[in-house]
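S.K.: Each chain, letter by letter, is given below.
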Amino acid sequence: MQEILELLQNDARLTAEDIATMTKKSVAEVQEAIAAMERDGVILKYTAIVNQEKVRAEKETVRAVIEIQVTPEREHGFDALAERIYRFPQVKSLHLMSGGYDLQVIIEGKTLKDVAFFVSEKLATLNGVKSTKTHFVLKTYKENDIVYVDGKKDRREGVTA
Amino acid sequence: MLKTPPSPIRKFFDLIIGRDDIISLGVGEPDFPTPWVMREEAYYHLEQGHTSYTSNWGLTELREGIARYLAKFDLDYDPKKEILVTIGVSEAIDAVLRAILNPGDEVIVCEPCYVSYQPLVELCDTKLVRLDTMPTGFIPTAAAIERLITPKTKAIMFCSPSNPTGRMIPADELAKIAEVVKKHQIWVLSDEVYCELVYDGHKHVSIGSFPGMKDYSIILNGFSKAFAMTGWRIGYFACPADLMSEVHKLHQYSTICAPIMSQYAALEGLRSGADEVERMRLSYQQRRNLMIHAFKEMGLPVNEPEGAFYVFPDIRKTGLSSEAFATKLINEYKVAVVPGNAFGSGAEGFIRCCYATEIGKLKEALRRIKLMVEGKPYDGA
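Residue numbers (the numbering used here), protein chains in the order written: chain H, 40 to 200; chain S, 29 to 409.
The hints are simulated quantities; they were obtained by calculation from the structure and are not laboratory data.
Fair warning: there could be bad hints in the mix.
Cut-off 30 Å, straight-line C-alpha distance, at most; resulting in silico cross-link-like pairs (BS3-like, lysine-lysine) [said to hold, decoys possible]: (1) S:Lys-389 x H:Lys-181; (2) S:Lys-398 x H:Lys-63; (3) H:Lys-84 x H:Lys-178; (4) S:Lys-204 x S:Lys-100; (5) S:Lys-211 x S:Lys-231; (6) S:Lys-389 x H:Lys-84; (7) H:Lys-63 x S:Lys-391; (8) S:Lys-277 x S:Lys-180; (9) H:Lys-149 x H:Lys-93; (10) H:Lys-64 x S:Lys-398; (11) S:Lys-324 x H:Lys-63; (12) S:Lys-231 x H:Lys-63; (13) S:Lys-389 x H:Lys-64; (14) S:Lys-231 x H:Lys-64; (15) S:Lys-404 x S:Lys-391; (16) H:Lys-149 x H:Lys-98; (17) H:Lys-63 x S:Lys-389; (18) S:Lys-324 x H:Lys-64; (19) S:Lys-345 x H:Lys-63; (20) S:Lys-404 x S:Lys-356; (21) S:Lys-391 x H:Lys-64; (22) S:Lys-389 x S:Lys-345; (23) H:Lys-181 x S:Lys-391; (24) H:Lys-63 x S:Lys-100; (25) S:Lys-345 x S:Lys-398; (26) H:Lys-84 x S:Lys-391.
Computed list of chain H residues with no C-beta within reach of chain S, every gap over 10 Å [as the list claims (entries may be wrong)]: (27) Leu-83; (28) Lys-93; (29) Gly-138; (30) Lys-169; (31) Lys-172; (32) Ile-185.
Each residue gets a CB set at the ideal place from its N, CA and C atoms; glycine is no exception.
Use the sequences and the hints to build the structure in full.
M.R.: Set out below in structure tokens:
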């Protein structure tokens with residue numbers, strides 16, 4: 040199961056036949072394992088990994104990391120407030136953190152103004168939010184295990200090995 | 029030296045230099061860069077100005093690390109007197125052969141084998157005795173070895189898992205070979221550089237681990253393959269202290285020591301590289317399965333290699349010699365493989381394909397080989 044998952048994570052376009060060959064399982068076994076992972080929500084969907092640096096440069100989007108301190112609610116803890124935040128489509132990631140602040144939000148907007156507006160009007164005004172600190176992202180080097188740099192070339196030369 | 033031919037692999041690689049349109053299954057080299065923890069360790073030591081020679085033996089911590097590593101295979105060597113760090117396994121083979129051989133000695137080399145064995149043996153003015161392992165599925169057997177032993181036999185050499193066939197000598201056969209070696213009191217040079225790259229739950233067994241075998245064994249190993257460190261040129265060997273003190277002299281006069289940055293990087297690999305090695309191993313296993321499946325579908329017989337990163341299919345049914353096959357494949361179908369005859373006797377009619385190449389390229393290369401086997405023209409540019 041884990042091996043199939045890792046193969047798909049690396050290349051979601053591998054066919055069940057290829058995966059079956061590579062893992063020495065039957066095609067039916069592989070198909071069933073994939074179906075089970077889809078059913079159980081282990082695999083959510085198959086998408087393309089995009090070099091966001093290139094796309095953002097064209098679309099001129101800006102990203103910001105926002106640190107939020109909150110007052111946890113009785114019974115709900117941080118979850119209810121987190122849900123109110125992650126429902127905004129501008130919010131790309133949301134983590135509950137240990138340390139100096141509570142929630143880390145990564146948001147995307149078209150302009151600096153967009154982001155500033157979203158933080159001051161939408162996030163800062165939420166019940167339970169004590170403070171926000173906004174950091175704009177200047178450049179992304181690596182994200183979700185993907186390095187956003189061009190030029191991966193096979194440099195191996197002919198040699199007597 | 030004039031009698032020694034250049035490596036036959038070289039000829040094929042000269043054809044592909046600078047050609048992006050050719051997919052190479054030729055070079056026996058990982059397609060992964062050295063794991064970052066190891067590269068970073070070398071940076072650190074460069075930064076600190078650790079750029080000196082090391083002891084001729086290699087760094088003490090590295091030899092201690094190697095001793096602990098060898099213990100995994102039930103090998104017990106004293107890092108102070110029985111382990112020497114060398115410039116790749118290649119230097120180790122050369123130095124050991126020069127130390128143990130006298131003119132007129134005979135050395136049994138199990139073929140097909142890595143291209144350096146035969147010339148290095150012959151450069152010692154000794155008689156190369158070829159053991160063709162093709163009839164036994166490319167696995168040398170104790171019986172076949174014993175038939176070639178004469179009073180002049182000084183040593184036997186093999187590599188398991190093997191370059192170029194990927195086959196591993198099973199433990200029960202190794203046990204029998206060990207008995208032959210002890211009976212005739214000859215050295216065994218055991219090249220174990222692929223010992224980490226074994227598949228389907230196979231376990232590497234070292235001939236040096238059998239009872240009483242330490243006195244006859246020279247265990248050769250290195251970091252190039254499993255740790256993806258080919259360009260660092262770092263290997264080692266282990267043998268009894270008496271012999272070691274002789275080989276040590278050769279090593280000290282010819283190379284002084286292995287590069288210090290490579291030694292630090294290798295040490296870090298032993299400390300914290302196991303997960304990365306396993307990740308690479310699994311990836312090779314998956315690609316091996318893809319290769320075997322494809323060759324079987326083409327109708328080319330192929331042994332299932334237990335280790336290394338090569339498959340060695342039998343191309344005789346195409347009616348071509350291995351050299352003609354490889355030449356046609358590279359010229360017309362733009363795929364480079366190494367013809368079997370490069371590796372010695374018994375390998376004519378076979379080709380070596382290294383599958384340490386990205387899956388997309390592997391599949392395309394296999395598709396092109398299939399076109400050629402089916403007599404169809406190449407459909408690409």
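S.K.: If a hint holds in the structure, say so; if it doesn't, say that too.
M.R.: Comparing the hints with the structure gives:
Taking the CA atoms of Lys-389 of chain S and Lys-181 of chain H, the gap is about 25 Å. The hint holds against a cut of 30 Å. Proposed proximity of Lys-398 of chain S and Lys-63 of chain H is supported: the alpha carbons are some 21 Å apart, at most 30 Å. Of the supplied pair hints, the one linking Lys-84 of chain H and Lys-178 of chain H holds, its CA atoms being roughly 27 Å apart against a limit of 30 Å. At most 30 Å may separate the alpha-carbon atoms for a hinted pair to count; Lys-204 of chain S and Lys-100 of chain S meet this at roughly 22 Å.
Of the supplied pair hints, the one linking Lys-211 of chain S and Lys-231 of chain S holds, its CA atoms being roughly 26 Å apart against a limit of 30 Å. About 26 Å separates the Cα atoms of Lys-389 of chain S and Lys-84 of chain H, which keeps this hinted pair within 30 Å; it holds. Among the hinted pairs, Lys-63 of chain H with Lys-391 of chain S is consistent with the structure: their alpha-carbon atoms are about 17 Å apart, no more than 30 Å. With a C-alpha separation of about 25 Å, the suggested pair Lys-277 of chain S and Lys-180 of chain S falls inside the 30 Å cut-off, and the hint holds.
A distance of roughly 15 Å separates the Cα atoms of Lys-149 of chain H and Lys-93 of chain H; the hinted pair therefore holds under the 30 Å criterion. The hinted pair formed by Lys-64 of chain H and Lys-398 of chain S meets the criterion: a straight-line CA distance of about 23 Å does not exceed 30 Å. With a C-alpha separation of about 14 Å, the suggested pairing of Lys-324 of chain S with Lys-63 of chain H holds against the 30 Å cut-off. Taking the CA atoms of Lys-231 of chain S and Lys-63 of chain H, the gap is near 18 Å; set against the 30 Å cutoff, the hint holds.
Taking the CA atoms of Lys-389 of chain S and Lys-64 of chain H, the gap is near 23 Å; set against the 30 Å cutoff, the hint holds. Using a Cα cut-off of 30 Å, the hinted pair Lys-231 of chain S and Lys-64 of chain H holds, with the two alpha carbons roughly 21 Å apart. Among the hinted pairs, Lys-404 of chain S with Lys-391 of chain S is consistent with the structure: their alpha-carbon atoms are about 17 Å apart, no more than 30 Å. For the given pair, Lys-149 of chain H sits about 8 Å from Lys-98 of chain H by alpha-carbon distance, which is consistent with the 30 Å threshold.
Restraint check for Lys-63 of chain H and Lys-389 of chain S: satisfied, since their Cα atoms lie roughly 21 Å apart, inside the 30 Å limit. The straight-line distance between the Cα atoms of Lys-324 of chain S and Lys-64 of chain H is roughly 16 Å, inside the 30 Å bound, and the hint therefore holds. Proximity of Lys-345 of chain S to Lys-63 of chain H is assessed by CA-CA distance (about 27 Å); at most 30 Å being required, the pair is judged to hold. A distance of roughly 13 Å separates the Cα atoms of Lys-404 of chain S and Lys-356 of chain S; the hinted pair therefore holds under the 30 Å criterion.
Distance hint between Lys-391 of chain S and Lys-64 of chain H is fulfilled; the C-alpha atoms sit about 19 Å from each other, no more than 30 Å. Between the alpha carbons of Lys-389 of chain S and Lys-345 of chain S the distance comes to roughly 25 Å, so the proposed pair stays at or under 30 Å and holds. A hinted pair counts as satisfied when its Cα atoms are at most 30 Å apart, and Lys-181 of chain H with Lys-391 of chain S qualifies at roughly 29 Å. Annotation: proposed proximity of Lys-63 of chain H to Lys-100 of chain S holds, straight-line Cα distance about 28 Å (limit 30 Å).
Between the alpha carbons of Lys-345 of chain S and Lys-398 of chain S the distance comes to roughly 13 Å, so the proposed pair stays at or under 30 Å and holds. Of the supplied pair hints, the one linking Lys-84 of chain H and Lys-391 of chain S holds, its CA atoms being roughly 25 Å apart against a limit of 30 Å. The claim that Leu-83 of chain H lies off the interface holds: its Cβ sits roughly 24 Å from the closest Cβ of chain S, which is beyond the 10 Å cut-off. Taking the minimum C-beta to C-beta distance to chain S, about 21 Å, the non-interface status of Lys-93 of chain H holds against the 10 Å cut.
The Cβ of Gly-138 of chain H lies farther than 10 Å from every Cβ of chain S, with a closest approach of about 26 Å, so its non-interface assignment holds. Its beta-carbon lying about 39 Å from the closest one in chain S, Lys-169 of chain H satisfies the requirement of being farther than 10 Å from that chain. No beta-carbon of chain S comes within 10 Å of the beta-carbon of Lys-172 of chain H; the shortest separation is about 32 Å. For Ile-185 of chain H, the requirement that its beta carbon stay farther than 10 Å from each beta carbon of chain S is met, with the minimum near 15 Å.
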